[in-house]
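Dock chain B against chain A, hints included.
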Amino acid sequence: MALRIRCVVAPSRFNEFTLMKPAAVNPTFDVEEIRAQFPILKELVHGKPLVYFDNAATSQKPRRVIKAESAYYATINANVHRGVHTLSTKATEAQEAARETIRKHINARHAHEVIFTSGTTASLNLAAFSLGQLLLNKGDEVLISGMEHHANIVPWQLACERHGAVLKVIPVTDAGELEPQRRNDATGSATDLFTERTKVLAVSHVSNTLGTINPVKKLIAEARKRGIITVVDGAQAIPHLDVDVQDLGCDLYAFSGHKAYGPTGTGVLYGREDLLERMPPWQGGGEMIDTVTLEKSTWAKLPFKFEAGTPHIAGIIGLGEAIRWMEDYDKAAMAAHEHMLLEHATKELLAMDGLRIIGTAKEKVGVISFVIDGVHHYDLGTLLDQQGIAVRTGHHCTQPLMERFGVSGTTRASFACFNTVDEVDLMVTATRKAVKMLR
Amino acid sequence: MVSNPLTQTQQEIVDEFALFSDWQDKYEHLIELGKDLPLIAAEHKTEANIVRGCQARVWLNAELKNDLVHFTADSDAMITKGIVALLVRVFNDRTPQEILGASTEFVDTIGLRAHLSPNRANGLSAMVDQMKRYALAYSAKS
Chain A
5 MALRIRCVVA
15 PSRFNEFTLM
25 KPAAVNPTFD
35 VEEIRAQFPI
45 LKELVHGKPL
55 VYFDNAATSQ
65 KPRRVIKAES
75 AYYATINANV
85 HRGVHTLSTK
95 ATEAQEAARE
105 TIRKHINARH
115 AHEVIFTSGT
125 TASLNLAAFS
135 LGQLLLNKGD
145 EVLISGMEHH
155 ANIVPWQLAC
165 ERHGAVLKVI
175 PVTDAGELEP
185 QRRNDATGSA
195 TDLFTERTKV
205 LAVSHVSNTL
215 GTINPVKKLI
225 AEARKRGIIT
235 VVDGAQAIPH
245 LDVDVQDLGC
255 DLYAFSGHKA
265 YGPTGTGVLY
275 GREDLLERMP
285 PWQGGGEMID
295 TVTLEKSTWA
305 KLPFKFEAGT
315 PHIAGIIGLG
325 EAIRWMEDYD
335 KAAMAAHEHM
345 LLEHATKELL
355 AMDGLRIIGT
365 AKEKVGVISF
375 VIDGVHHYDL
385 GTLLDQQGIA
395 VRTGHHCTQP
405 LMERFGVSGT
415 TRASFACFNT
425 VDEVDLMVTA
435 TRKAVKMLR
Chain B
45 MVSNPLTQTQ
55 QEIVDEFALF
65 SDWQDKYEHL
75 IELGKDLPLI
85 AAEHKTEANI
95 VRGCQARVWL
105 NAELKNDLVH
115 FTADSDAMIT
125 KGIVALLVRV
135 FNDRTPQEIL
145 GASTEFVDTI
155 GLRAHLSPNR
165 ANGLSAMVDQ
175 MKRYALAYSA
185 KS
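Read top to bottom, the protein sequences are chains A and B.
Note that this note's numbering gives residue 352 to position 348 of the first sequence, counting from 1, and the numbers run on in steps of one.
Note that this note's numbering gives residue 73 to position 29 of the second sequence, counting from 1, and the numbers run on in steps of one.
So that you can see chain A by itself, here it is in the shape it has in the complex (with noise of 0.2 Å):
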C-alpha cells in the first residue's frame, strides 16, 4: 500500500478489525519542543492557557512559517515573473522553490501540476468549473458523497446548473464511513452509484466533520476503470496523513495551506499534466496569458494558465517552510502522537452519561465530534471558551451530513501536533463542568 497512512499506532475500540499494526509512540517525538514552536501557545484566553482543538479549522502557525512570510516582506518583496530586477528575480525563485517543494511532497511528475489558489475552496471551485465546461452536458453526472464540506458541493452544484448535469451522493454509514454499494431496497440487490454517465467522481480524501479517513485510492481506481475524472479534497489529509498523489492516481487533489500549519489564504489545486492542458481556464487576467488581443487571447502555459494575477506570494513561501517544517519530523510519531490523543480524548469522552461520537470510522484522524443530550452545542462553545478551550461548534459546513446524523450540529474537538494528553483531560474536565452548569 502506497498511500502511507501516518496514523498506524496501537488500534482502538474503533480499529481493532483493521489491518492497521500496533506500532509503539515514537520516543523521540517531544511534544514540549514542539509546542515551544508555536508563539500563540503562549496566549492566554479569558485569563487561562490556550488549548487549541480547532486544527481542523485552521491550524496554528510554527514560529519558521510566520519568519519566512515576514521575512518576503522586510528583503525581497516584489512581484513574481515580471520583472528583470533583482528583487523579483528572487521572489521568484523564492516562491518557485515552494512549488518544488510541494510538488515532492505530494509526489507529483511536475512542479507545473502544483497550481497555487488561496485554498481548497478555490481549488475546487477551478476544479468544478473547468472540468463542468471541459466533460459535462445534460444529463450527465457528478458523483460526490454525502459527508463532503460545502466547498465540495456547492461548486458541483453550480457547474451542473450551468451544463443540466445531475449531482449523485454516495451515501454515509452509521458510522461514518462511505458506503459505495447502495443496496437496492426492492431487490436487494446492490446498485452501483457509477453509471456511464458519471463523468467526474469528487470525494473529500478525510471528512473535517467525522475524522474519517476515506477508501479514496480504491474509489479513485473503481473510477478511472470507467474514464471518470477523480477530484479528492485533501484539506483535511495534507496535516496528516502522507498523501501521494501518483499512488492514489487521481486527477485532481485540492488543499489549503492554513490547515497544515501554513499561511491563510494560499491553498493548492494539482493535476495531472494532459488533463491541466486540456482544461479551459477559470478566471482570466494577468499572469495566465500567453498573447492578448482584444478579440481574442491565447493561454500561459501551465501552472500559469491557472494563476491570473499576482498570487499571494509570501503565504506562498510561508506554506513552502510549513512543508518543510512537517517533513523535518518524523511523521509516523507525528501521526501516532495525534492518534494516542483521538483516542484517549474517545475514551475520556465516552466516560461521559449522555454523550455519543459522531463519526466512529475505523479508520480517523485526529478529528472527535460529539453531541451531549440535553446540551446544545453553543452553550458547551461558550462555556468551553470560558475555560480557554478553543472548539468548534456547529455544522462544520457540512450541513447533509448534519442531516443525515440527525443532528443540528456537534462539538468538535481536532487536534495537532503540538496539542497534549493534558489538554485533552482539560477538556474533558472543562465539558463535564459545562454540562453540569447546563443541566
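These are calculated hints, taken from the structure and not from any lab test.
In silico EDC-like pairs for lysine to aspartate or glutamate, Cα to Cα no more than 16 Å straight-line:
1. B:K70 / A:D389
2. A:K437 / B:E72
3. B:K185 / B:E107
A few chain A positions that, by computed beta-carbon distances, are all more than 10 Å from chain B:
4. R39
5. P285
6. W329
7. D334
The structure presented is a predicted model; accordingly, all values stated were derived computationally and were not measured.
In this text, a Cβ means the ideal position worked out from N, Cα and C, and glycines have one as well.
The following block gives chain B in isolation, referenced to the frame of chain A:
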C-alpha cells in the same frame, strides 16, 4: 403598572452582574434568567420568526399591546436564551420610540462582549436588530 425607564432596567442588570466576579457565576445567572423568559406561543414558533444570524435557533415574536411592544421568544440553547431574556427584560412593554432610541452597551458592561461580536456565530446584534425592526414597524403603524 408603571415600568422603570429603559435605562434604569439596564442599570439594574449591570448592578446584578457586578455581583459576580467569576465567569461561572455569571453564566449560571444568565442560564437562570433564561428560565424567566416570556415564552413564545407554540403557533408563533415558526420559520418566519427565527432570528437569522444566530448559531442556536432563536424565535422572536412581537405584538403591540396598548401602544407598547410586547416580546415573547425562545431558544434551543440555554445561554442564548439567557441573553434573549436580558434583551426582552430591557425592551419588553416599551414604546417603539424607546426601543429605537436604546443603546445596548449594557451587554458589553456585564462582560458578554463575545456574544456581541458581529460574526455569524454570535447573533446578539441580530436579535437587537430584529427587536428594533419590530419597533420600527410598529412606530410606523402607531
